[in-house]
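Trainee: Chain by chain, the residues:
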Amino acid sequence: MTNSPRRLVRVAVFVLLSAASAAHAATDWIGADQGKLHLTAGFSDVEGAGGAGLVPLAFVTGYGSSDSWGANAHVTTVHLNDFQLGAYGVGIGALDRFELSYTRHELNVTGGPLDGLGVDQDIIGLKVKLLGDTLYKQDSWLPQLAVGAQYKKNKGIKDAAAVGLPGLTSPTQLGADDDEGTDYYLSATKIFLGQSFVVNATLRYTKANQFGLLGFGGDREDGYSLEPEAVLAYLFSRKLAGGVEYRSKPENLSVDTEDPAWDAFVAWTPTRNISLVAAYVNLGSILGPVTGETSDQKGAYLSFQVGF
Amino acid sequence: MKHTTFIARLLGGVLLASLIAGAAEAQETLYEQMGGEAKMRAIAEEFTNVLLADPRINFTFANTDLAKFKQLIFEQFCNLTGGPCKYTGRSMKESHEKLNSTNAQFNALAEDLYIALERVNVPYRLQNKLMVMLAPMHKDIVKKGATGKPDLSPPASAQSAK
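Those protein sequence lines, which keep their order, are chains A and B.
If you use my numbering, the first sequence corresponds to residues 1 to 308, in order.
If you use my numbering, the second sequence corresponds to residues 1001 to 1162, in order.
Be aware that a few hints might be false.
Unchecked claim - Derived lysine-lysine pairs resembling DSS-like cross-links, with alpha carbons at most 25 Å apart:
| no. | chain 1 | residue 1 | chain 2 | residue 2 |
| --- | --- | --- | --- | --- |
| 1 | B | Lys1093 | B | Lys1149 |
| 2 | B | Lys1068 | A | Lys137 |
| 3 | B | Lys1149 | B | Lys1129 |
| 4 | A | Lys137 | B | Lys1098 |
| 5 | A | Lys137 | B | Lys1143 |
| 6 | B | Lys1143 | B | Lys1098 |
| 7 | B | Lys1129 | B | Lys1093 |
| 8 | B | Lys1143 | A | Lys190 |
| 9 | B | Lys1149 | A | Lys239 |
| 10 | A | Lys190 | B | Lys1129 |
| 11 | A | Lys298 | A | Lys158 |
| 12 | A | Lys190 | A | Lys239 |
| 13 | A | Lys239 | B | Lys1098 |
| 14 | B | Lys1139 | B | Lys1129 |
| 15 | B | Lys1093 | A | Lys239 |
| 16 | B | Lys1098 | B | Lys1129 |
| 17 | B | Lys1068 | B | Lys1098 |
| 18 | B | Lys1039 | B | Lys1086 |
| 19 | B | Lys1039 | B | Lys1070 |
| 20 | B | Lys1144 | B | Lys1093 |
| 21 | B | Lys1086 | B | Lys1139 |
| 22 | B | Lys1068 | A | Lys190 |
| 23 | A | Lys190 | A | Lys137 |
| 24 | A | Lys137 | B | Lys1093 |
| 25 | B | Lys1144 | B | Lys1098 |
| 26 | A | Lys190 | B | Lys1039 |
| 27 | B | Lys1139 | A | Lys137 |
| 28 | B | Lys1139 | B | Lys1070 |
Claimed, not checked - Computed spacing ranges between beta-carbons, pair by pair:
| no. | chain 1 | residue 1 | chain 2 | residue 2 | range |
| --- | --- | --- | --- | --- | --- |
| 29 | B | Tyr1124 | A | Leu302 | 20 to 28 Å |
| 30 | B | Asn1058 | A | Thr110 | 49 to 57 Å |
| 31 | A | Ala300 | B | Asn1079 | 42 to 50 Å |
Derived by calculation from the structure, the hints in this document are not laboratory data.
Just so it is clear, the structure is predicted and the values come from calculations on it, not from any experiment.
Glycine is no exception: its CB is placed at the ideal position from the N, C-alpha and C atoms.
All chains should be modelled from the sequences, with the hints used to inform the complete structure.
Mentor: This is the structure we're talking about:
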């Protein structure tokens, strides 16, 4: 079981690399103009939306300008003390206004009493840029604004028998209300080009427990809550940015004293077809009351991306 | 919640540092910080070289008087950055009327300018300060639904640069 995500990563990386080399030559006849500047295409975040690592930005994914379209695929792995999350997906951006994305999450427990357990989830995302053109309108205080929705479907808990919990197949058995849910968010992004800073604030209306991996709503809180998220990034060069992200999360379950997440990242676009995001990430404690491990789950976040 | 305070402090620190740096620089014009007339002329020269080597947009310069173009770029950048120059060219709107420039072409030109500034060793921080002044020209240069195919028929007036 632990081998299959790795094989999937290898296959995906190979496919994406081939796609990247083809993309450069193919963009002419598929009508993709690759018309945006480096770093302004938005990396695929952990849930597949054009963003940084944990937080969606108001940028539309892909290098297509407002006359064209683009796409970006990502293979992401997050290694924490007792968990490993694989995220694989693809996003398409059209007219620098609409974004559609699909991402698969595969979470594996790699340590502690639940070692061997797994949870999968699918995320379908839609984003629409509402207004603003933060790159060009340097003479305006208006940020770029986008709204988005992410439909998340938890595919269930795997291999619970291995940890002595046969019959545990759904996060609803852990107290979650539902195994599917939709997040809604509003992102405001501003490029302070004169200061070489990018600032983003996001408000997310969500019921998701640990991004949805532990279901939606719960025995403690069953409704939606409004959670703030933020990104502050410094532009080191035309192709390299680095910064910090913060993401607040709801606390809906008694079995999980969910903490806010944060990370410090670098994002690099050596070419328009390849980009990398590397981060030190801290997701706070996960399932502390169950595992007895209440210290923060922290570690490395690495995302390899190709697009045009 | 301890992370919130940590991030807030980090944000505060970074913003404060950039404010202090900004205040110290405010004494000098961007023109002076970038290196004055010699540097501005080198930028205009290198920018022109990069543009002419870029197949995404070089064809739009087919009928351009390059000596005049370089002079106008120099004047424009000098003037915008607070240097002692007057820009004697046409408005951006006027000079790009027949170019039918697309977003991708505008961004290609911006990228070429970044490359030129790199080549003449202008620090990235200052490159961005120049870009801040140029970016809003997007609205005068790019028209909705532009074809990207310039009308290069000779202009009626003698003023043909760019």
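Trainee: Per the hint of 49 to 57 Å, is the separation of the Cβ atoms of Asn1058/B and Thr110/A within bounds?
Mentor: This hint holds: roughly 54 Å between Cβ atoms.
Trainee: For a C-alpha distance cap of 25 Å, please report whether Lys1129/B and Lys1093/B respect it.
Mentor: holds (22 Å)
Trainee: Is it true that the CA of Lys137/A sits at most 25 Å from the CA of Lys1098/B?
Mentor: Answer holds: Lys137/A to Lys1098/B is near 23 Å, not above 25 Å.
Trainee: So if I understand the rule, the pair passes when the alpha-carbon distance is 25 Å or less; does Lys137/A with Lys1143/B pass?
Mentor: holds (15 Å)
Trainee: Checking one constraint from the list: CA of Lys1139/B to CA of Lys137/A, max 25 Å. Satisfied?
Mentor: holds (9 Å)
Trainee: Straight-line Cα separation of Lys1144/B and Lys1098/B no greater than 25 Å?
Mentor: holds (14 Å)
Trainee: If you draw a straight line from the CA of Lys1068/B to the CA of Lys1098/B, is it 25 Å or shorter?
Mentor: holds (18 Å)
Trainee: Mind checking the hinted window 20 to 28 Å against the Cβ distance between Tyr1124/B and Leu302/A?
Mentor: Holds, at about 25 Å.
Trainee: Are the Cα atoms of Lys1068/B and Lys137/A separated by 25 Å or less?
Mentor: Roughly 29 Å separates the two Cα atoms, so the pair is violated.
Trainee: Does the alpha-carbon distance linking Lys1149/B and Lys1129/B stay inside the 25 Å limit?
Mentor: Violated, because 30 Å separates the two Cα atoms, which is more than 25 Å.
Trainee: Check whether the Cα positions of Lys1068/B and Lys190/A lie no farther apart than 25 Å.
Mentor: violated (36 Å)
Trainee: Taking only the CA atoms, is the gap from Lys1143/B to Lys1098/B under or equal to 25 Å?
Mentor: holds (11 Å)
This entry does not satisfy hints 2, 3, 9, 13, 15, 16, 22, 26, going by the numbered hints stated previously.
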